[in-house]
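Chemist: Here is what each chain is made of, one letter per residue.
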Amino acid sequence: MIYIMSGMIFPTTWRSALKNSGRRILLWLLLTGMFPNASSLWAQTEPRPEPTSQSPDSVKILRQQYSGKKTWEHWVSLPGTVISIPFVAFFKGVEYSAGYIYETKLVPRTLDLLTSRDGNRQLYPTYSNRSGLGLEYTHKGLIGLRSRLSLRATHGFFTQRQHYRFRWRRVHFSESKPLFLNFQLSYRFLPQEKFYGIGPDTKRSEVSGYDREFSIASAGVEIPLAKAWSLFGLVHYEHNNIYQNSGDDYPSLQTVYSDAALTGLDTRVKIAQYQGGIAIDTRNRLGNPTSGSEIILSGSYFDDVGEDDFNFWKAQGDVRQYLHLGHNRVLSVRLALEVSEPLGNGQIPFYYLSELGEVETIRGYDRGRFRDEDMALASLEYNIPLWYRIDSFLFVDAGQVAKDIGKEFSREQVRFGFGGGIKVRDSKDVIAILQVGIGRETVRVYLDLH
Amino acid sequence: MTIKRLCTRIPLRVIRRGIIFVFGWALFTGCGGASQFVIPNPPPDDCRPVPEPKSREINLAGDNVDKLFTLQIQRFFDISRHLRSLSGSPRQALNTDAFDEVFNSSWFTNRNARQRLSLEDIARGPDTETGPDTSGLWTVVRAKAQGVTPGFSIQDSRGGIYLLKFDPPGYPELATGAEVVSTKLFYAAGYNVPENYLVYFHPDILRLGEKVKFTDRYGKDRFMAEEDLAEILSRIEKSPAGRIRAVASKYLPGKPMGSFKYEGVRKDDPNDVIRHEHRRELRGLKVMAAWLNHFDTKAGNSLDVYLPEGYVRHYLIDFGSTLGSQGDEPMPGEIGHEGVTDPGKVFKTIGSLGIYKRHWERERNIRFPSIGFFESQDFQPQKYRYILPNPAFMNATDRDHYWGAKLVMSFTEEQIRAAVAQGQYSDPQAAEFLIRTLVERRDIVGRYWLSRVPPLDEFYLRNSASGEPALCFTDLAVQTGLETSPGSTYECELRQNGRVVSAVQLPGERACIPLPRGEEISERSEKEVSLEMKIRVRRGLQGKWGNWMSIYLAREASGQYRLLGLNR
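As they're listed, the protein sequences go chains A and B. Note that the numbering used here has the first sequence beginning at 104, numbered continuously upward. Note that the numbering used here has the second sequence beginning at 40, numbered continuously upward.
It is worth saying that the hints were derived from the structure and are not from the lab. Being a predicted model, the structure only gives us computed values, none of them experimental. Positions of the beta carbon are idealized from the N, C-alpha and C atoms, including for glycine. Careful, some of the hints might be misleading.
[As the list claims (entries may be wrong)] Only part of the chain B face toward chain A is listed, based on derived beta-carbon distances under 7 Å:
id	residue
1	I97
2	A100
3	D117
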């Protein structure tokens, strides 16, 4: 004996077994409603008419329900619907916010408000781990079409980090034979800076802190020689104050080191820098180059113009080569070397020593993690486009500090960092970089908004 | 009672049996449900006069978030959808008839796939006139500076109002050609589209109307100035003589009600009772859209219009970003291969350290600036990606795909030529390239989707000369030249209440299955008897048999057969 239900055949024993228990009947009803082939008639129909001579026995003529509501699907999906409520509510909020921003044209209106009609003047937000969040105002073409005047004010999120800067770059009076002048005035306050000692073997646990305040006035000249070559010169004045650490996470530098043990633990340190160098830039574009190279070689003489004896020289070389591997995959190789040497009986303040641990050196280490007179650095970065104007990159950085890198370079003392990140760019330049650096001691996240 | 306590009270064997029962039921129903057949009621006439609904605008940014995130989460938690998927029985379209076709409605009118249109009909498309009068002055009545392509509306000397759309600088005929050709093809397929006319005019005939409303690029609403018009004209392609080629899109008759969504219903329209994601013509649009590279099938590219007759008609609009055109430039390489987000491909790129290359990173060969980037080599209709997830497309089943493929395959090469001719491409080689690519893509569509289900259609009953009844059909794959008759074999089984009454294998040359005259169907012959004819197809002698399809028949007491419907 069989029982026909929705075109399915059930042995009578199953039916009677199911009838034995209320719970089982409930389960049976639920399953009958759950599986569509079995329940397709129930799902889409209302009461089934009995077969008539006009409706052949294996063909059912049924009313179709179009709305899809109040069917078994509605009830079966109810638990899922309930669970999804917070997620859906969140994204509905995002949806309405995005809709509001779009509707009110908030972004173009803000850009319109912050950009002059001719596009030369602009105000925009800026952020970096070192400087914090702030605003930058730029004015292009004030004297000379390629000149760019900028005023920047930033403030740290969690510390009292401050940076105020006036910079006027590439000022030129002639378009045909330009000679660019650069000017800068800035004030910077960097509280709770970390110091781990000098040399390549310092321990992270032996950290001490200090607050640094310095002001800069500089003027420079840039003389283009050939298509990609230029000479540059700079006169730079810096006024430094080193204070006790304002934080209480680690001891103050002044309590750990004496003046004799560490040079530069003073206030009112005034140093003039005279720099000259050559730059070769064959990059195909500035912000996110895919080919070409950038070479900067410079030498600087630092002269104490105050009451101290900080006289030294520094030579720097920085070479970056961009190799296009096809399909916009770019491998960039960087080699950098920095050598400092006191002059006569002069000394080098600790904050003028070469550093490793910046986002510009070895990513994945604390800022200023390693310091010494000399520094060597190598970096490999592999850039892969992800989407329209969004790139990802992977990198490996390696470097070492030493008193004399030529004599003391040792493979065991080379520090490595690796990681990856994402770049957002426009047609000319990088707008934002988010990267994660993994070193032997820590993992660092860097965000830069240009 | 806590759930934990409840669970401990239910014996393990009951839970185990329950699980076995669930899986058994799923398997049982999954295998056995095919013989069931429901003759659907025709959906209510949606061209009945109804009160005017409220006009609405769909927020594009909000809609993007909805499709990219909210919709995905809702689908993830939709248990019934997962159960249907597990049992291999996805929800089918709700507005089909017994033969799996759609009824004419305010959404769709059966045209070329039902009755082949003449070449003149294809060329005419939805046009009811000749376009704006270029001999008189045109008054600019509305403009927009926002969006991918600039445009403005004009009123010609005869009083007709048209929206003008242009080609981007450097790419003459690109967007305007795509707009007109796609309009003709979508219309011939059966969709409601606006009348789009190609016009050539000199900017001297433009006059700025009084107090013309204008939305500038910063979203500010203000009155339009002469400089704004000049600025718009500076951003469009002109001939060396200063003439401008444009598409004049005639304002639709009636009152615009805003876009329609590809899910849910319009609650204030009593005619709109079938959820849009379950409408066959919207699900099947997926295949048409892939064929014509219409990647941007978002709500914003549709329009509901409340007609003077008192009901809402649903239009597809804006075809400037189809074929090889993205409106303001040639179609980027990633279109059709990636949506706005594709985490899978991003992970592949990173995971392979950039060795995996995506379509948009490959070299693009744009042979004709007027055509843009349109190709058939890498075209895979089943993998075609639209810029945003489309709820109707996501619900599409093989039956919907088959129906959509029928629309595509209904176009002959001559018809495609007739449509492309309306694009008025100045370079005959460019037009020829477009025709060839459309034909190749059409065949790729057909080859894939017509192989997923038995492509047997146009069933009818006939009596042979000797009076033998027969069930005849057309094999669309053979008819459209994708397969050959000699290479096809059909296996047919006639069943009555699950019992095989007769079985036969037919060679491809014969597309009529003889039906028994009566002696085989002995039971209850005094009454009308229902029968199921199951058919499957094999291509080539060594090929595999395809899936079964069923045709339902009724044999009346008089011995006459009647077709009831089919199930693929």
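Chemist: A separate judgement is required for each hint: does it hold in the structure or not?
Modeler: Do the hints match the structure? See the list:
1. Among the interface hints, the one on B:I97 is violated; its C-beta lies about 9 Å from the nearest C-beta in chain A, farther than the 7 Å criterion.
2. Checking B:A100 against chain A by beta carbon gives a least distance of about 3 Å; that is within 7 Å, so the hint holds.
3. With a cut of 7 Å, the hint placing B:D117 at the interface with chain A holds, because the nearest CB-to-CB distance is about 5 Å.
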